[in-house]
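These are the residues of each chain, in order.
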Amino acid sequence: MSKTQVNMTVNGKAVEAAVEPRTLLIHFLREQLNLTGSHIGCDTSHCGACTVDLNGKSVKSCTMFVGQAEGAEITTIEGIAQEDGALHAVQEAFRQHHGLQCGFCTPGMITRAWRLLQENPAPTEEEIRYGISGNLCRCTGYQNIVRAIQAAAADLSVKEAAE
Amino acid sequence: MISAEFDYHRPGTLDQAIGLLSEHEGSAFVLAGGHSLIPMMKLRLATPEHLVDIQDIDELSGITVSERMIEIGATVTQSDLIASGELFDACPILRETALQIADPQIRNVGTVGGNVANGDPGNDLPAIMQLLDAEYVLQGGGRMRAVKARAFYESAFFTVRDEGEILTTIRIPVPPSGHGHSYQKQKRKVGDYATAAAGVILTLSDETCTSASVALTNVADTPLWAQAAADALVGTDLGARAINEAVDAARAITEPASDGRGPADYRTHVAGIMVQRAILTAKSRAA
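For the protein sequence lines, the chains are A and B, in the order given. Going by numbering that gives the first Met the number 0, the residue at position 26 of the first sequence is 25; the numbering climbs one at a time, nothing skipped. Going by numbering that gives the first Met the number 0, the residue at position 41 of the second sequence is 40; the numbering climbs one at a time, nothing skipped.
Bound-form chain B, shown alone:
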């Protein structure tokens, strides 16, 4: 399949890229890895007249981990996420999640920025960013702002990002040391989006859960941060009763589509199973 025609731009700096978006406002798209955009262009669901390829912009390509904050540049690939040892030490759920995205070739090209920015509810990292209370730095249109992942997604493929803005950096507060984590994803086959998936991080003190965060992938038009599910865990021993309450609270906020991955009530059911498994795994990993 051949996409519609477009002009290709490959700026070397962020200022140039933002300038191109402003010059061609409404007809220019940002191209990072392209593994969501190019399939859409082949189907002519997307017909940008200008593509602004950001791969040469050095300031978008790094991972930095400091004591309190992780910063991931927009063009960091899924493979880069998996390979980073210091990122794994600080926040292991990112590697666990990235390993469940697509396949090796796609992870070599697909970027973190693209995965979180394009608003596809099937993408795995948006829920993880909500789980971790990450924020996205957006630049363009003469301003720079940071938006919480929990406030970024409006509906499928619609986010608060303006067309003139580039998501440049993802900032993640380093989760507490000793936290337990898990991302559980049911999919039909390698490379598929989730039938339903759930991420959990939590901390334990004297076998009591002292903090928790829960988020869900691909069971609504947007990723879901399941605050009530997390609240059902805090202060408990993470026994069967607390887990059942969390599962029910998570299921209550799902609104999945009925599609090739199953009827809606099945996917809601699976979401609960994923939450249960993620809690148990995170509990077993918490120090």
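So here's chain A without its partners, still in its complex pose:
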């Protein structure tokens, strides 16, 4: 079986590699690019811990072969903070509102919430819960996760109004 050549942009950087076609995107990110922020939880596309952003959409990187992401623009949790290291409003809100307990689901939660607030900048609580329904928190800390996303939405709208 031949290796396949892949090119993609990950967190703004061009990446090129020869990979076995059966390599999953999550394994490529974690093991070849050493971007270990995205987690492998269930490995069956249920839990959302592996969520990354691909061409402007949230996807589960455990259920995608790396070849399918050829040419894509990918953002992982490592690409969400600003270049100077300052936290993004969603990250800051998760910190302020304790939107995590053990933290295992957090990279997926934040990556999904970051995209959700671009799709819908002023979601209702119900829209937030529906929007993150592909992300499981087995500490069941959803209450604070939802609060954090509400706070981030408010913070982002204030920042936008100021610009």
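Where hints are given, some of them may not hold.
Said to hold, decoys possible - Below, simulated BS3-like cross-link-like pairs (lysine-lysine); rule was C-alpha separation at most 25 Å, straight line:
| # | chain 1 | residue 1 | chain 2 | residue 2 |
| --- | --- | --- | --- | --- |
| 1 | A | K56 | A | K158 |
| 2 | A | K56 | A | K12 |
| 3 | B | K188 | B | K41 |
| 4 | A | K56 | B | K41 |
| 5 | A | K12 | A | K2 |
| 6 | A | K2 | B | K188 |
| 7 | A | K56 | B | K188 |
If you are wondering where the hints come from, they were derived from the structure by calculation, not from laboratory data.
Based on these hints, arrange chain B on the given structure of chain A.
Frame of chain A, contents of chain B only:
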């Protein structure tokens, strides 16, 4: 989990894709979103030696709505279905159903073509396609043919599609304007397949039902088009008696498995409840 090895192909045209399937006949699978196929490959329930990824084939990616016909390309995703305003205006049950499939991330990748083609009885869109009397366009093996959704499914994961064929397009006759619709799905949690689900479309004239179609998801090896249930509604005022007859007729054709979603008789019972709710909701929406 790691799948068995395979060679990955990403053709740019339909002809190339069909050529690859023919060249590697019996060992090549079509890959669209992969959200059914990849889990099967990880479990090694599927071990294709070649994957033909059809995502770059432009002619498979569009939605067109004309006066009489809706055409949906195979690689249109569930999210695309939800986002299309003109599709919603013409046939709102498609959005209502797509919103009940899996979760946001999976809907961004999972395709309509894959959902209807792979023959998983848990998938939601096959019953909807039977409900709407859709047909699937299949190309490959030197021919092009159209097969009605009502004649496509043979048993779980077995359909009339040959291995050398690609399901390219889904054609749906536009339902009558003013029709009422509903897809009711009971599931244990977000992302689950249905314990039982039912779709209904119907039309009313002077409070009398003038046409109806009913279909069921995940209560047999295949989706079920419940013709007798629909017949029990046409010509009635959709009162309690007609609805009970339709529910009984729908329950009579179910053959669900007993599994984690419940014992078979429970799932048959739930199927009836879903039919009842879908009729009442469709009735309330019909103009």
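Hints breached by this structure: Number 6 only.
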